[in-house]
Amino acid sequence: MYVLLMKRVLVQPDKWRMFFRQFPKELEKLGLQSLPIVIIISVFIGAIMTIQTKLNSSNPLLPTYTTGLVTRDTLLLEFSSTIMCLILAGKVGSNIASEIGTMRITEQIDALEIMGVNSANYLILPKIIAFVVMIPFLVIFSMALGLVGGYFVSLFTDVISTADYLTGIQYAFVPYYVFYSVVKSLIFAFIITSVASFYGYYAQGGALDVGKASTNAVVNGSILVLFFNLLVTSLMLG
Amino acid sequence: MIEVKNVDKSFDGNHVLKNVSAVFETGKTNMIIGQSGSGKTVLMKSIIGLHRIDNGRIEYDGRNLPDMRMKEIRILRREVGMLFQGSALFDSMSVLENVMYPLEMFSPTSKEEMKERAYFCLKHVNLEEKSFALAPSEISGGMQKRVAIARAIALQPKYLFCDEPNSGLDPKTSLVIDQLIHEITHIFGITTIINSHDMNSVMEIGENIIFIEKGEKAWQGNNKDIFHVHNKALNDFVFASELYKQVKKVNQ
Chain A
24 MYVLLMKRVL VQPDKWRMFF RQFPKELEKL GLQSLPIVII ISVFIGAIMT
74 IQTKLNSSNP LLPTYTTGLV TRDTLLLEFS STIMCLILAG KVGSNIASEI
124 GTMRITEQID ALEIMGVNSA NYLILPKIIA FVVMIPFLVI FSMALGLVGG
174 YFVSLFTDVI STADYLTGIQ YAFVPYYVFY SVVKSLIFAF IITSVASFYG
224 YYAQGGALDV GKASTNAVVN GSILVLFFNL LVTSLMLG
Chain B
83 MIEVKNVDKS FDGNHVLKNV SAVFETGKTN MIIGQSGSGK TVLMKSIIGL
133 HRIDNGRIEY DGRNLPDMRM KEIRILRREV GMLFQGSALF DSMSVLENVM
183 YPLEMFSPTS KEEMKERAYF CLKHVNLEEK SFALAPSEIS GGMQKRVAIA
233 RAIALQPKYL FCDEPNSGLD PKTSLVIDQL IHEITHIFGI TTIINSHDMN
283 SVMEIGENII FIEKGEKAWQ GNNKDIFHVH NKALNDFVFA SELYKQVKKV
333 NQ
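So the protein lines, in turn, are chains A and B. Counting from 24, one number per residue, gives the positions in the first sequence under the working numbering. Counting from 83, one number per residue, gives the positions in the second sequence under the working numbering.
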């Protein structure tokens, strides 16, 4: 059923004008409205990661810049793409599933179908494209903010000196890690939006069932994100 | 004209429609009536194509719906307007945008002409201009129904379907909605099919009535004949309320 739905979604829109009217709204709703949570989580996790890394690497044999280096690579490789996408699977996934699910149970999707509109394409395609477009920016923004969080720790505490931290985050930088992270996030963005849309589109019953659809969207979206994380990592870094 | 011929429909072995045949005439308010669970909603959804039938033919002026491919069905549906039980207005759009939506999707006219048409439809259903910018959640149930009718007729449909148009409305507003549907049907020469179990509507506007009982067509006639039929199921349905029992007594 998921494949059949995607076959209806991934076609040329009935009217491009209507698509481009929906698209900026979705960019704002799914992308820009996710910024506050991305900012808060990234700064705090970056700070916490710096403190914990320092705690676990207080070996005199290790160079002093290790903390900055480990924090940076953890952010680049895993946190800003996978963990951030898991968090966004909750926010964006439940938003999409409940919106489309409500449209289904209030017969708004039937109304679109009766008009002769490809409802799946009209409702889902702008969401998928908007989130896929926004996710690289969110991921890169999260990386930068995570590093800023660690910088705050070096600035306002005695855990690590600012010089050691700044040396660490610049030491042995591998640009490919950013590329790898962005590629992963593009796949995750497609999974999150398409799985949530699937559960919303086929919701049946009443308000309770929309809630269930929303939960299923988040849970299954998250599991698929983890599965594809393993797959893409073994392909790109293995 | 819509012709339904020997239609069967079942869900998981439960035979909901059994060999139903009926003719829905152009320019008339055709009504499908029956008790809850009789199969009238399934019949209407089958006619529209929201349910795929097991057997039979559903002909829109000779075009058989079950034979059509999805693309052809979509084209046919541009000739169809539908009024849903819960109005099904788009929450994210204003009243005016709801009515303009089908025009923007399918009409080749300019934006100004679309707006003119939407204004015409909204005024035709007696909505005041001050409500055009409001969201559906900001207007009453009766007004929502009127917006839904305006949206349904925006593309000048040949076929209009109304699913329980009076549900949730007070008797006075119900009468207004009934008369509006009746008037639109006659003025624009539409084939209208109304799914209802409201006897007031049946008596008010039922020009061609199909009574469905346990998935079968049990009777077909008009609102003048309905009181004089010797069909127990139909009599039980018609004379369920005290009012119509009194009407029967007076008639006798």
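Hints are computed from structural coordinates only; laboratory data are not their basis. From a predicted model like this one, the values you see are computed outputs, not experimental measurements. In this text, a Cβ means the ideal position worked out from N, Cα and C, and glycines have one as well. You may find that some hints are simply not true.
To be verified - Some chain A residues close to chain B (C-beta under 10 Å, calculated; not the full set):
hint: 1; residue: 41
hint: 2; residue: 47
hint: 3; residue: 48
hint: 4; residue: 125
hint: 5; residue: 131
hint: 6; residue: 132
hint: 7; residue: 133
hint: 8; residue: 138
hint: 9; residue: 139
Claimed, not checked - Calculated lysine to aspartate or glutamate pairs in the EDC-like style (CA-CA distance at most 16 Å, straight line):
hint: 10; chain 1: B; residue 1: 127; chain 2: B; residue 2: 90
hint: 11; chain 1: B; residue 1: 127; chain 2: A; residue 2: 133
hint: 12; chain 1: B; residue 1: 314; chain 2: B; residue 2: 295
hint: 13; chain 1: B; residue 1: 153; chain 2: A; residue 2: 136
hint: 14; chain 1: B; residue 1: 127; chain 2: A; residue 2: 136
hint: 15; chain 1: A; residue 1: 48; chain 2: B; residue 2: 295
hint: 16; chain 1: B; residue 1: 127; chain 2: B; residue 2: 85
hint: 17; chain 1: B; residue 1: 296; chain 2: B; residue 2: 286
hint: 18; chain 1: A; residue 1: 38; chain 2: B; residue 2: 295
hint: 19; chain 1: B; residue 1: 153; chain 2: A; residue 2: 122
hint: 20; chain 1: A; residue 1: 52; chain 2: A; residue 2: 136
Stated by the list, open to error - Distance ranges between label pairs, derived from CB positions:
hint: 21; chain 1: A; residue 1: 198; chain 2: B; residue 2: 195; range: 51 to 61 Å
hint: 22; chain 1: B; residue 1: 249; chain 2: A; residue 2: 260; range: 52 to 62 Å
hint: 23; chain 1: A; residue 1: 74; chain 2: B; residue 2: 212; range: 56 to 66 Å
hint: 24; chain 1: B; residue 1: 304; chain 2: A; residue 2: 242; range: 51 to 61 Å
hint: 25; chain 1: B; residue 1: 302; chain 2: A; residue 2: 48; range: 40 to 50 Å
hint: 26; chain 1: A; residue 1: 230; chain 2: B; residue 2: 302; range: 51 to 61 Å
hint: 27; chain 1: A; residue 1: 30; chain 2: B; residue 2: 194; range: 31 to 41 Å
hint: 28; chain 1: A; residue 1: 31; chain 2: B; residue 2: 298; range: 30 to 40 Å
hint: 29; chain 1: A; residue 1: 28; chain 2: B; residue 2: 146; range: 21 to 31 Å
hint: 30; chain 1: B; residue 1: 314; chain 2: A; residue 2: 31; range: 42 to 52 Å
hint: 31; chain 1: B; residue 1: 150; chain 2: A; residue 2: 40; range: 26 to 36 Å
Consistency of the hints with the structure:
1. 41: 6 Å, holds
2. 47: This interface hint is violated because 13 Å lies over the 10 Å limit.
3. 48: Hint holds; residue 48 of chain A Cβ to chain B Cβ min 8 Å, cut 10 Å.
4. 125: Holds. Min distance 8 Å.
5. 131: Because about 5 Å separates residue 131 of chain A from the closest Cβ in chain B, which is inside the 10 Å limit, the hint holds.
6. 132: It holds, given that the least Cβ distance between residue 132 of chain A and chain B is near 9 Å, below 10 Å.
7. 133: Since the shortest Cβ distance to chain B is 6 Å, the answer is holds.
8. 138: 5 Å, holds
9. 139: 4 Å, holds
10. B/127 / B/90: 13 Å, holds
11. B/127 / A/133: Distance ~10 Å between residue 127 of chain B and residue 133 of chain A Cα, so the pair holds.
12. B/314 / B/295: 11 Å, holds
13. B/153 / A/136: 12 Å, holds
14. B/127 / A/136: 12 Å, holds
15. A/48 / B/295: 48 Å, violated
16. B/127 / B/85: 14 Å, holds
17. B/296 / B/286: Answer violated: residue 296 of chain B to residue 286 of chain B is near 25 Å, above 16 Å.
18. A/38 / B/295: The hint is violated at about 43 Å.
19. B/153 / A/122: 27 Å, violated
20. A/52 / A/136: Given pair residue 52 of chain A, residue 136 of chain A is violated - Cα atoms ~25 Å apart, limit 16 Å.
21. A/198 / B/195: 51 to 61 Å: Because 54 Å falls inside the window, the suggested range holds.
22. B/249 / A/260: 52 to 62 Å: 59 Å, holds
23. A/74 / B/212: 56 to 66 Å: 59 Å, holds
24. B/304 / A/242: 51 to 61 Å: 55 Å, holds
25. B/302 / A/48: 40 to 50 Å: Once the Cβ atoms are compared, 48 Å apart, the range 40 to 50 Å for residue 48 of chain A and residue 302 of chain B holds.
26. A/230 / B/302: 51 to 61 Å: The hint (51 to 61 Å, Cβ to Cβ) is violated, given that residue 230 of chain A and residue 302 of chain B are roughly 39 Å apart.
27. A/30 / B/194: 31 to 41 Å: Holds, since residue 30 of chain A and residue 194 of chain B (Cβ atoms, about 37 Å apart) stay within the stated range.
28. A/31 / B/298: 30 to 40 Å: 35 Å, holds
29. A/28 / B/146: 21 to 31 Å: Hint holds: Cβ distance 27 Å, inside 21 to 31 Å.
30. B/314 / A/31: 42 to 52 Å: 47 Å, holds
31. B/150 / A/40: 26 to 36 Å: At 27 Å between Cβs, range holds.
Checked against the numbered hints above, the structure breaks hints 2, 15, 17, 18, 19, 20 and 26 and satisfies the rest.
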